[in-house]
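Peer 1: From first to last, the protein sequence lines stand for chains A and B. Number 741 in our numbering belongs to position 66 of the first sequence; there are no gaps in the numbering. Number 112 in our numbering belongs to position 56 of the second sequence; there are no gaps in the numbering.
Read the hints as simulated data drawn from the structure, not as lab findings. Just to be clear, a hint being listed does not mean it is correct.
Here are the simulated SDA-like cross-link-like pairs (lysine to any residue), alpha carbons at most 25 Å apart as the crow flies [unchecked claim]: (1) 688/A to 377/B; (2) 964/A to 405/B; (3) 391/B to 918/A; (4) 715/A to 964/A; (5) 964/A to 406/B; (6) 964/A to 133/B; (7) 133/B to 181/B; (8) 688/A to 133/B; (9) 922/A to 723/A.
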Amino acid sequence: MTVNPKFTDLRSKPDVSIDMTPVRKSNWKTGGARDYWDPKIRKFRFNIPIEYLAEVLADSDHPQDVAVIRIGENRLMELAGALGDKDLSFNQISNEDSSKTSIFTQYPNPVDVGGMNKQNIAIGINGTVIDEFIEAITTDPQTEEAYRTAAEYIGMPDCCTDFHVDNALALRGDPVYDIACNTPSAEIHEDDRENVLIRHPDPFLNIFWRYNGWRLIHHLPCSFECEESGEIARRNYDAISDVCGHKHEAEHLLAWLDQPMEWTGYHSLVNMRNAYGIGSYTTDNYWSKKNIVWKKPHQDKPDFEPNHLTTPLEPLDPDRGAF
Amino acid sequence: MTIHIAANTGCNLGCEYCYEEPDREMKQKQIDNEYDLDLIFERLEQFKRDRNGAEVPGMHGGEPLLIREEDLEEIFKWIHDNFDGRGTHIQTNGTLLTESHIEMFDKYNVSVGISMDGPAELNDSRLARAGGEDVTENMTERTQDAINTLIEHPSVPVGVIVVVTETNCGTDERLEKLLDWMDWLNRHEVNGHYNPAIPYEGVQEDLSVSPQRLKEIYLRTWEWVKEESYRKWNPMREFQDNLLGLNLTNCVNNKCDVYNAGAAQIIKGDGETTGCGKTWEAVGDGVPFLQGDSTNNEYEETTERYEMLKQIPGPYTEQVMNGEIEDQGGCKGCKYWNTCQGGCPSAGMNYDYRNRVRWCPAIYALYEKIEEDMRTMLPGIRMITDLAWDTEIADDTSKGLVDIKPFAAIRQPTTKAQKGSVIGKPTTDEIGTVFDEVISGRGEIEFDQLVTNYKNEFPEEWLTIDEETSNIHADSDKPERQASEDPQSAD
C-alpha cells in the first residue's frame, strides 16, 4: 500500500519564503552511546566518503558517474590526491547560489565531509561529464530536462527520477515525507496522514542521517523499499567494506541506519531521535508538522549500561534492531 | 550564562510540575546520590581553563543538599579558591537546610535560591517524594523555615523561584495570597521570579496555567509591583530593563540553542555535560542528552530557531492581521521581537520548539502595559521599540552594549537582594552607544567608530574606505560571511 501524501500540497502554503542558514547538529544521549558509536561511524563525516566515492565512480559498472560533496578549502589537496589515484576529476560548482537552484546541491543532499569554508564540488569520471552535470544543476530555473540529465549522472534509477520530478522543480531538497508515504509498508493513523510509520524499511536506504555522512546512497529514493536503490546502496556498502577495507565501520553504519528512529520536519527544521542520539538539520518549508517513525517507536535511551556497550554486532533483526 | 554542577538528579520532593521527573523515573538508582567528585572536578578544571575563569559555577540538582555535606563543602571550597572568592550560588528546595549549611554558604560566599510556590497552603503541587499529605506539609514548613533562617543571616543572600501553576495562581483568591507572601519577601529584601510550569504533551496539562490566565497573573502582578516602591519581582523588572535596552538577562529571551543550551551549562555527577533540563523534553526524550563539551559541540552554537521564527508569520504579521493567511506560530512583525525573540523553546506552542513560546499572549500584554506606563510616566522616553521591529539589536542588548541614555547611568547599585541567584547581573562599565548609532542610522557617530563597526561586521577585504570623504562601503554583491553558507557544525 502506498499512502497518498495529502498534505504535500500544503508545503508551499502560505506563499512565504524562508531563507535559512544551513545547520547540522547531533547530540549523543549518553556517554556510553557516544563512546560506543562515535569511533565507528564518525569517520563517515570525514575521510571514508572520499575514499569509497572514488572507488564507486571509478567502477565503470556502477551507475553513478558524478557525486556532489561539500568540502572545506583546506581539504582540497587531500581530495585531489584521492581522486588522482583513480584518474577522476573534480571541479568547484562556482555559482554561489547553486544550492538554491538544484536539489542535488541543496542542503542536506551533498556529501558533507567537513573542513573550513566549505564549497560544493562535483567529482566525476572526467571533466566533460562534470561540466555537463554542473551546467544541468545550475540551470535557473531548473527544468525537467536539466533535472533528468543531472539525475542520470548521479545514478538515480528511473523510478526515483520520475517520482521526484515535481520536488526537483519546486526545489524541495528533503522530500522524505513524500518518500515515506510512497513506501509500500507505510502505515498511517486514520485521518492523520502526517504521521507515517514505515514498518519494514530497507536500512540501506535510510537517508535521514545523511547530513552527517551516515548514508549508503547519494540520491533520493522513491521509497524506503525501492529495490533498484537498494541494489546501488549494497554496492556502495561493498565498496566501503570490502574494497576500502572499512568492514567494521560499514557494519556499524548499517546497524545505526537500522535503528528505530523518529523524524519530524516543521518550519524548515528537522528534529530526529533514536535510542542513542538526537539530531537536527535545515529542511524544506513544511508548514505543518510531518512525523515519520522508522520501523517502530524508538527507546527513550539505551537499555544497557555503558560498560555493556562492547556487545559484538549481532545479525540484523528488523523487529529487534541490531543490538 | 551559568555553569551548574548537578551532582545528582535525585530529589526528596516530587513536585508534580518538575521537568526532571521523567529522568528520575528512568534512573531510579541515581536518586541515591551517585556522583564522582574527581570527574566533576576534572570537568570544572576544563571549564575554568576553556572559559578563562569568566563564569563561576554554582550548585543545582536534583536537590543539591542531598549530597554529602563534606562533598558539598569540598565543591564550594574549590570554587572559592579557584575563582578568587567571587560569589557562587546554590538552588535548593531548602527542606534540608541546616545552620551548618548556612555557615558554609557564608564562608564561601554562596547566595541561595529557594524554590517555593507561595505561603504554605499554595504548595500542594510540591509533593514530598515519600509519605502522604502530612509529609508534604512538613516539607513546606521546612522550606519556609529555611527562608526565615536565611533572612536572619543577611550575609547570605537569598532569592525565591515561584513556579506558576493552577495550584497557586489558578484563582484570583490564590493569586492575592501569593502576592501577600511575595510582599512579605520583598519587605525582607528577598526578591524572586515567576517560572510558569511548562506542560508537556499529555503531562501536567491540568496543572499548567493557560496563556490567558498567565496574562492575567502578569498584569495583576505588575499592578502590585507599582503599588509600593520596594516591590520587585521578575519578569516585571526584567521587562523594564529589556525595553530600555539595558540587558536581556533572562535566558528565555536570549536565543537559547535548545540542543546546546548555554544559559545553563550543566556538569553531571559522572562528569558529562548537558544543558537546561527543560530542553530534555523539547528535543530529546525527557532524559538528559549530552550537550556542549561531552558531545563535541559548543554551547549556544547556533540560532536557527530564531532565524526561522523571525521569518514565520505570527499574530502581528501584516498578512495575518489582514486575514490573508493564518498565524503559523512565528514572530514576524512583532514589535517586541528584540525583547523576547520567541521565548523559551521548551515551552513552544503545540509542544513544539519550532513555534514561538506558548506564553506569547502574556508576555506581549505585559510588555505592552509596562511600555504604556513608562511612556506615560516619562513622555519622550526612548525604548527598544522605537526601532523597527526587525532591527538587529538584541545581540547587543544581551551583551550589555546598548545605552539608551540616561537610564543605564542611573541603574541601581548592587544590593543584597540583587546578589541572589535569581537576579540578573548588573550592567558593566563597557556600555557602548549602539542604540544611538542605530537610531540615527549610524550617521552621527565618529567615522573611526563606524569603520570599527564595519570591520566587526564584514571581512576587511570587502570594505572600501575613503577617509577623505568619510565614506565606507561593504561590497554588497558578496555574502556577508563566507561561513554563513556553511552548516554551523564543530567539524
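Peer 1: Please go over all the hints and tell whether each is borne out by the structure.
Peer 2: Here's how the hints hold up against the structure:
1. With a CA separation close to 17 Å, the supplied pair residue 688/A and residue 377/B stays within the 25 Å bound.
2. Proposed proximity of residue 964/A and residue 405/B is supported: the alpha carbons are some 12 Å apart, at most 25 Å.
3. Restraint check for residue 391/B and residue 918/A: the C-alpha separation of about 59 Å exceeds 25 Å, so the hint is violated.
4. Pair hint residue 715/A plus residue 964/A does not hold up; C-alpha atoms about 33 Å apart against a cutoff of 25 Å.
5. Restraint check for residue 964/A and residue 406/B: the C-alpha separation of about 10 Å stays at or below 25 Å, so the hint holds.
6. Of the supplied pair hints, the one linking residue 964/A and residue 133/B is violated, its CA atoms being roughly 49 Å apart against a limit of 25 Å.
7. A threshold of 25 Å between alpha carbons decides the hint, and for residue 133/B with residue 181/B the separation of about 35 Å lies outside it, so the pair is violated.
8. About 58 Å separates the Cα atoms of residue 688/A and residue 133/B, which puts this hinted pair outside 25 Å; it is violated.
9. Distance hint between residue 922/A and residue 723/A is fulfilled; the C-alpha atoms sit about 11 Å from each other, no more than 25 Å.
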